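Protein chains in written order, with this note's numbering: chain A, 1356 to 1853; chain B, 374 to 697; chain C, 2 to 324.
Worth flagging that the hints you see were computed from the coordinates, not collected in a lab. Given the structure is predicted, the values throughout are model-derived calculations rather than measurements. Be a bit skeptical, because a hint or two may be false.
[Claimed, not checked] No more than 27 Å apart at the CA atoms, straight line, and that leaves these computed lysine-lysine pairs for DSS-like:
#1 A:Lys1501 <-> C:Lys191
#2 B:Lys564 <-> A:Lys1716
#3 C:Lys320 <-> A:Lys1662
#4 A:Lys1725 <-> B:Lys564
#5 B:Lys566 <-> A:Lys1726
#6 A:Lys1467 <-> C:Lys191
#7 A:Lys1463 <-> C:Lys194
#8 C:Lys191 <-> A:Lys1695
#9 C:Lys194 <-> A:Lys1472
#10 A:Lys1695 <-> B:Lys540
#11 A:Lys1479 <-> C:Lys191
#12 A:Lys1624 <-> C:Lys321
#13 A:Lys1695 <-> B:Lys589
#14 C:Lys321 <-> A:Lys1662
#15 C:Lys170 <-> A:Lys1496
#16 C:Lys194 <-> A:Lys1496
#17 C:Lys206 <-> A:Lys1472
#18 C:Lys194 <-> A:Lys1479
#19 C:Lys320 <-> A:Lys1496
#20 A:Lys1727 <-> B:Lys496
#21 C:Lys194 <-> A:Lys1478
#22 A:Lys1662 <-> B:Lys589
#23 B:Lys496 <-> A:Lys1726
#24 A:Lys1427 <-> A:Lys1516
#25 A:Lys1725 <-> B:Lys496
#26 A:Lys1501 <-> C:Lys321
#27 B:Lys564 <-> A:Lys1719
#28 A:Lys1695 <-> B:Lys566
#29 A:Lys1624 <-> C:Lys320
#30 A:Lys1471 <-> C:Lys320
#31 A:Lys1385 <-> C:Lys194
#32 B:Lys566 <-> A:Lys1727
#33 C:Lys321 <-> B:Lys496
#34 B:Lys671 <-> A:Lys1695
#35 A:Lys1471 <-> C:Lys321
#36 B:Lys566 <-> A:Lys1684
#37 C:Lys217 <-> A:Lys1467
#38 C:Lys191 <-> A:Lys1478
#39 C:Lys206 <-> A:Lys1411
Next come the chains, spelled out residue by residue.
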Amino acid sequence: MGDVILTMKGIDKSFPGVHALDHVDLEVRKGEVLALMGENGAGKSTLMKVLTGIYKKDSGTITYEGKEVEFKNTREAQDAGIVIVHQELNMLGHLTVAQNLFIGREFKNGIKIDDKKMNEEAKKLFDRLNVDIDPTETMSKLTVGKQQMCEIAKAVSFDAKVIIFDEPSAALTEAEIEEMFKIIRDLKKKDIAMVYISHRMDEIKVITDRVTVMRDGTYVGTLITNECTKEDIINMMVGRVIYEDPKTVSAVPKDAPVVLKVEHLNAGKMVQDVSFELRKGEILGFSGLMGAGRTETARALFGADPKESGDIYINGQKVTINSPEDAVKAGIGYLSEDRKRYGIVVQKTVAENTTMATMHKFMKGLFIDKKKEEEVAQEYVDALATKTPGVDQLVVNLSGGNQQKVVIAKWLTRDCEILIFDEPTRGIDVGAKNEIYKLMNKLASEGKSIIMISSEMTEILRMSDRIVVMCEGKKTGEIGIEEATQENIMNLATREIN
Amino acid sequence: MEKFKQNAFVKKVGFNRIILVGVMLLMYLAFGALTGGSFFTVSRIMNIFNYVYFLGFLALGVTFVIATGGIDFSIGPVMFCCALISGYSFFNHGVPMGLALVLCVVVGLLFGCWNGYLVAFVKIPPFIVSMASMNMAKGIAAVFTKTQSVSWPQSSDPAGWYRNLVKFGSIPTGFIIFIAAAVVCAIILNKTKAGRYILCLGSNSEAVRLSGVDVKKWTMLAYVICGILVGIAAIFYVGAYTTVQPGYGDQYNNEAIACCIMGGTSMAGGLASIAGTVIGTLIISLLQQGILALGFSKDYQFIITGLIVIAAVYADVSARRRKN
Amino acid sequence: MANKKALSKLKGREAIVVGIILVMVVVFSLLSPTFRTYTTFVSLLDSSYYVALMAIGVTFPLITGGVDLSIGTGLISYALFGGYLIVHQEMPVAVGLIACVIMGTIFGVLNGFLVAVMELPPFLATLCTCMINRGIGSLLSGGFGISWPSALSSDGWFRSIFRINSNGKILPVGIILILVLVLVMNFVLKHTKVGRYTIAIGSNKEATRLAGVNVKFYHIFAYTICGFFAGLAAIAYSGTYVTIYPGSGAGFEMDAIGGAIVGGVSASGGVGSIIGTFLGVIVICLMKVGLPFIGLQANWQQIITGLILIGAVLIDVVKKRKV
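Sequences and hints are given; from them, build the entire structure.
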């Protein structure tokens, strides 16, 4: 194994209210592939953003090729030889492959752009990487896999010494991943250092040399890939002590009726043949890693996105749900993970947001009964203990937790029997979190049925009566709260080693 | 200043609107002073108003569209199309005056439906729909009238009674109807389900859709309301000017949009005020007439209105940028 | 043979438009003998010069994903300005011609600034400059039409850029100029940085910025090209028509934008070619000139252009929905 090319030491970074990185260390060597692993929100991406100058670190040192460096932007990092291959591709779909590779640094022949030379150079580059892509093809016509190859080729063309792969395989097929691995192995031989961020355990085992694990913004440890097992890595990822008391027994009686039954739901790559049942008064946790397809399942169920097939039964009756309108009529409410975009209208008042799904109940003939609207909104503000100066306050002025309560109130006015909470406490501070939890428990005990999608292991173990685990668009298991542990959930949430 | 903004009355009426009224009064005084008082008389002002009611109706209509976050700059040519089709039908197809006025509104309504359907259901960007409708309105009007201009009957004509809608003897009927229409619009926008949804979806249409609301229907309705008001605007246009010519009307798009934006309606949607639009209309028309009263030619109107819209849109854009 | 080779070089969309042009010519010719005359051919070309020039220019803002609605009114305003200098200030004709182009370029830069730097919506920004242009045009002309020097006068030489009267036979030489400009701008769009970054901005502005391209500069440049060509269009209009009336010109831009979109420019940006735009303009002008020959008013062309605009964008929308 080669010499150390990059060392990050004691990197610290805080955002308002979040200590994102707590004195993290990282060491990358020439000609190695270092896996960077951790649960959602462990700080992997933040660390890489600090490295490439997107974020400014609060403290700590970065040593690159023996010198201490601090890049101001990605461009500077790029010029120094550190390049990120993003999960979301930064491509120009209307231009050709070669034009994309050299955008911003075209070869010129007088005033004319020398496309011929660019095509030749691109061809040489692809030959060197052993990929078969026609440089004159339009970018948008390539498969996602090939586009990913182009991004890698672009990184190489910058004479990169360190390449960071941010979940590069998320959108690739098996064959494409195989091809990418070939390239990575080639790059290794050329002494290029690589950081590989991924959740896929099998890939980590195949392609990486060492694994660095992060958890909750801290550095946990580094293992030699060959010498460790999947279980070792999982233990490092989840090995936190759960302070809040986890639920140990399901609160749902064995004979509680099934309220919602979903059978063979299919919607694109992210929702493949998902089936599950939800009982009255139950909180059904949906666990899994980022990109497991949980939100997509919820959106397809709710009619927000089109679905390909699948049957939905509510109280034993088959229902057709093609739009959110249908879902709401069937008694389902959906609280999105992205409140600001999908949950609330921030420039409107608390009262207006509360009644948004139930306008018809607040009509007096043709007109809106503003008095009744405000009374009802006030009732919910009191019942949910929403902190707001009044119901005529614009929602934009409320804190995250209180905004969430407004969204909950919106669905409660509708008497929804089934509520889907997608990341109910994301971006909400600890105190308000507990209130949301209490509220959810209260709703469940009153007979509402809740689906809770959460990426936080503690939240899943604390709230759920039963847990459905998903991985890459498929349901990989179902665990009763009695048997659930961090380890067995994480085991189902990560791919098996073939 | 901050204290003034926090005042209960100011909060209720809205800070911007108070500023607008202030600007209007200042302008009025300035024009009055500069023209040696001849601009001051009520009769003069009312006389000016006779020629701008149509603009007010256009502005009211486009306020609904802008509230959804869309845009319609086909309204000027569509208004001419309404007036041309119904006027031509009156003269050449023996359509009685009453029916001609109804026809005016129906043509506007049809254009509103067409625009709304394309924007809401087919999901074609509003500005493309506007461009297409602008062209089609001109083309249809020209084809229908065989490229002739139409002069609606004068007041002396037995069929000239429609002009009483603008002014009936000394009663400013136009003013009354316009204010009544504005009140109805304000009620629709602020007190009904339709208005609530139009404003909310202009602010965040995805959140409204996920609340189980049929967003397409309400978006389309905004364009339909706009179309109806454009049809009414056509009546008030001929009521004041009598003559309409095919191929024209573009300038009124801008003026109507200017009235809206001056009145505090945001181009991004979700924020609209009918009272603001009314005041905006008064400001724009006072300004335009003031320019004339000062002895400048009509051409300065175009330039100044253009500059005002740029300034108003920029203020809107930069305010939004600051917020994000 | 040479023709065949040239045709095979045209891409899918362009080939279709060529097909449409041929069908239209055949239909018009079959239905009306008068359409088949040389005079019609010349008047077709005469009416297409200014549209073609505007369309070449507006292709650039369209490809960035924007639009310039000021070019129609602008071209009249610039022509009035040039005419004002020549007729009222008795300056040489050349000065008038240059003035047209300079005015156009200034307004192009202004539009670019409003869109790229002040970040106003393109259609609103250009609608405003459209009004400003209209005011300036009328002010300069005092509200009256201005006639540039006629072909017979000694100062009328500029008209022979577009048509030469030799022994009673009119030669439409303007088409040569237009074709040269089409080829030049095709080169600019396809093979220079300006063109490349125009497409890149329309394709993904943020990614282009991240690649280190000075996005604002090239965004302004696209509008500047558009303004420059509106200035050239003003010369073409003055050179082919007798009198320029203030207040006209609104709606000219629709023929140009319609032509560009028929020729395959995507209304959502990123796609388009100058040759396609030129072919699209021919379709629009053929309609305008040809429809009266088959008993329809020329104004049907406006309605059809509107429908085509919707149709062309609909194709885009449907394509996107499938992906």
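Checked hints:
1. A:Lys1501 <-> C:Lys191: holds, 24 Å
2. B:Lys564 <-> A:Lys1716: Between Lys564 (chain B) and Lys1716 (chain A) the Cα gap is close to 14 Å, so the pair holds against 27 Å.
3. C:Lys320 <-> A:Lys1662: Between Lys320 (chain C) and Lys1662 (chain A) the Cα gap is close to 19 Å, so the pair holds against 27 Å.
4. A:Lys1725 <-> B:Lys564: holds, 8 Å
5. B:Lys566 <-> A:Lys1726: holds, 15 Å
6. A:Lys1467 <-> C:Lys191: The hint holds at about 9 Å.
7. A:Lys1463 <-> C:Lys194: Roughly 9 Å between the alpha carbons, so the hint for Lys1463 (chain A) and Lys194 (chain C) holds.
8. C:Lys191 <-> A:Lys1695: Between Lys191 (chain C) and Lys1695 (chain A) the Cα gap is close to 42 Å, so the pair fails against 27 Å, i.e. violated.
9. C:Lys194 <-> A:Lys1472: Given pair Lys194 (chain C), Lys1472 (chain A) holds - Cα atoms ~15 Å apart, limit 27 Å.
10. A:Lys1695 <-> B:Lys540: Since the Cα atoms of Lys1695 (chain A) and Lys540 (chain B) sit roughly 50 Å apart, the hinted pair is violated (cutoff 27 Å).
11. A:Lys1479 <-> C:Lys191: Distance of about 23 Å is within 27 Å: holds.
12. A:Lys1624 <-> C:Lys321: holds, 18 Å
13. A:Lys1695 <-> B:Lys589: Since the Cα atoms of Lys1695 (chain A) and Lys589 (chain B) sit roughly 21 Å apart, the hinted pair holds (cutoff 27 Å).
14. C:Lys321 <-> A:Lys1662: holds, 18 Å
15. C:Lys170 <-> A:Lys1496: Cα-Cα ~52 Å, so violated.
16. C:Lys194 <-> A:Lys1496: holds, 23 Å
17. C:Lys206 <-> A:Lys1472: Answer holds: Lys206 (chain C) to Lys1472 (chain A) is near 25 Å, not above 27 Å.
18. C:Lys194 <-> A:Lys1479: Answer holds: Lys194 (chain C) to Lys1479 (chain A) is near 23 Å, not above 27 Å.
19. C:Lys320 <-> A:Lys1496: The hint holds at about 13 Å.
20. A:Lys1727 <-> B:Lys496: violated, 36 Å
21. C:Lys194 <-> A:Lys1478: holds, 21 Å
22. A:Lys1662 <-> B:Lys589: holds, 20 Å
23. B:Lys496 <-> A:Lys1726: violated, 36 Å
24. A:Lys1427 <-> A:Lys1516: It holds: about 18 Å lies between the C-alpha atoms, which stays within 27 Å.
25. A:Lys1725 <-> B:Lys496: Distance ~33 Å between Lys1725 (chain A) and Lys496 (chain B) Cα, so the pair is violated.
26. A:Lys1501 <-> C:Lys321: Distance of about 20 Å is within 27 Å: holds.
27. B:Lys564 <-> A:Lys1719: Holds, at roughly 10 Å.
28. A:Lys1695 <-> B:Lys566: holds, 22 Å
29. A:Lys1624 <-> C:Lys320: holds, 20 Å
30. A:Lys1471 <-> C:Lys320: Not OK: Lys1471 (chain A) and Lys320 (chain C) at ~31 Å, beyond 27 Å, violated.
31. A:Lys1385 <-> C:Lys194: violated, 37 Å
32. B:Lys566 <-> A:Lys1727: Distance of about 14 Å is within 27 Å: holds.
33. C:Lys321 <-> B:Lys496: Between Lys321 (chain C) and Lys496 (chain B) the Cα gap is close to 11 Å, so the pair holds against 27 Å.
34. B:Lys671 <-> A:Lys1695: violated, 47 Å
35. A:Lys1471 <-> C:Lys321: violated, 31 Å
36. B:Lys566 <-> A:Lys1684: OK: Lys566 (chain B) and Lys1684 (chain A) at ~18 Å, within 27 Å.
37. C:Lys217 <-> A:Lys1467: The hint holds at about 21 Å.
38. C:Lys191 <-> A:Lys1478: holds, 20 Å
39. C:Lys206 <-> A:Lys1411: Given pair Lys206 (chain C), Lys1411 (chain A) holds - Cα atoms ~25 Å apart, limit 27 Å.
Violated hints for the displayed structure, listed by number in ascending order: 8, 10, 15, 20, 23, 25, 30, 31, 34 and 35.
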